[in-house]
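**Student:** Sequence:
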Amino acid sequence: MSSDQGPAPTASSHGYTHNHGHDHSHPHPAPEDAWKTTGVRVIPGDSLEPVGGAHQTPGMDRAAAINFARVGASKLWAGTVHIHAGAKTGAHHHGHLESVIYVLKGRARMRWGEKLEFTAEAGPGDFIFVPPYVPHQEINASSEEKLECVLMRSDSEAVAINLPELEPVERPETVKWIDPTHPDGAGA
Numbered sequence: 001m002s003s004d005q006g007p008a009p010t011a012s013s014h015g016y017t018h019n020h021g022h023d024h025s026h027p028h029p030a031p032e033d034a035w036k037t038t039g040v041r042v043i044p045g046d047s048l049e050p051v052g053g054a055h056q057t058p059g060m061d062r063a064a065a066i067n068f069a070r071v072g073a074s075k076l077w078a079g080t081v082h083i084h085a086g087a088k089t090g091a092h093h094h095g096h097l098e099s100v101i102y103v104l105k106g107r108a109r110m111r112w113g114e115k116l117e118f119t120a121e122a123g124p125g126d127f128i129f130v131p132p133y134v135p136h137q138e139i140n141a142s143s144e145e146k147l148e149c150v151l152m153r154s155d156s157e158a159v160a161i162n163l164p165e166l167e168p169v170e171r172p173e174t175v176k177w178i179d180p181t182h183p184d185g186a187g188a
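The sequence shown begins at 1 in the UniProt record's numbering and counts up one residue at a time.
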């Protein structure tokens, strides 16, 4: 492979190969503190910072664990989101950010689309992926139990653009995800 084509694909412990344009063989030199305070950080669950202001979505409580201000993260944001029993957020999107939601407790119902015309549900142990600019709404599908999730975003800022003018359809279509790498269900 010539040098202008980027690094050669490498095998991983999972048998997959990847070629994403950066070299893992040369770590950064250790900082003056030998990584003591600039290396791994453990953020206690009781020290999360509530997210408010312009980036708060009505109907949900977010708290930041990982962001630039707290730990120097420049490429991701992580925290928690809680939606009370029977509650739902307003329609919104997260701009250019990709989001991942991991359900810890409860039942999440997601609606998405230009008129929130699609829906799917997720429970404990399920992951939800929200691409950039997708209008969506998170709903606690339970009228009795709080929905608790871990939330991660692809940038250190907490962008939430509320869409109060969006008129949702009355009956959304249920969509079941099919893994494009295993469309017949094998290996899933």
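By construction, these hints were calculated from the structure, which means they are not laboratory data. Glycine included, every Cβ here is placed at the ideal spot set by N, Cα and C. Some clues are possibly wrong.
Simulated pairs of lysine to aspartate or glutamate, DMTMM-like, Cα-Cα distance not exceeding 25 angstroms [said to hold, decoys possible]:
| no. | residue 1 | residue 2 |
| --- | --- | --- |
| 1 | LYS176 | GLU98 |
| 2 | LYS88 | ASP126 |
| 3 | LYS146 | ASP179 |
| 4 | LYS105 | GLU165 |
| 5 | LYS75 | GLU173 |
| 6 | LYS176 | GLU157 |
| 7 | LYS88 | ASP184 |
| 8 | LYS36 | ASP46 |
| 9 | LYS75 | ASP61 |
| 10 | LYS88 | GLU173 |
| 11 | LYS75 | ASP46 |
| 12 | LYS105 | ASP126 |
| 13 | LYS75 | GLU49 |
| 14 | LYS146 | GLU49 |
| 15 | LYS75 | GLU145 |
| 16 | LYS75 | GLU144 |
| 17 | LYS105 | GLU121 |
| 18 | LYS105 | GLU167 |
| 19 | LYS115 | GLU49 |
| 20 | LYS75 | GLU167 |
| 21 | LYS115 | ASP46 |
| 22 | LYS88 | ASP33 |
| 23 | LYS88 | GLU32 |
| 24 | LYS36 | GLU98 |
So the derived label-pair ranges between C-beta atoms look like this [unchecked claim]:
| no. | residue 1 | residue 2 | range |
| --- | --- | --- | --- |
| 25 | ALA30 | VAL169 | 47 to 57 angstroms |
| 26 | PHE129 | GLU157 | 12 to 22 angstroms |
| 27 | ALA34 | ILE161 | 19 to 29 angstroms |
| 28 | GLU157 | ASP61 | 17 to 27 angstroms |
| 29 | THR38 | VAL169 | 48 to 58 angstroms |
**Student:** Broken hints, numbered, in rising order?
**Tutor:** 3, 4, 5, 6, 7, 15, 16, 18, 19, 20, 21, 22, 23, 24, 27
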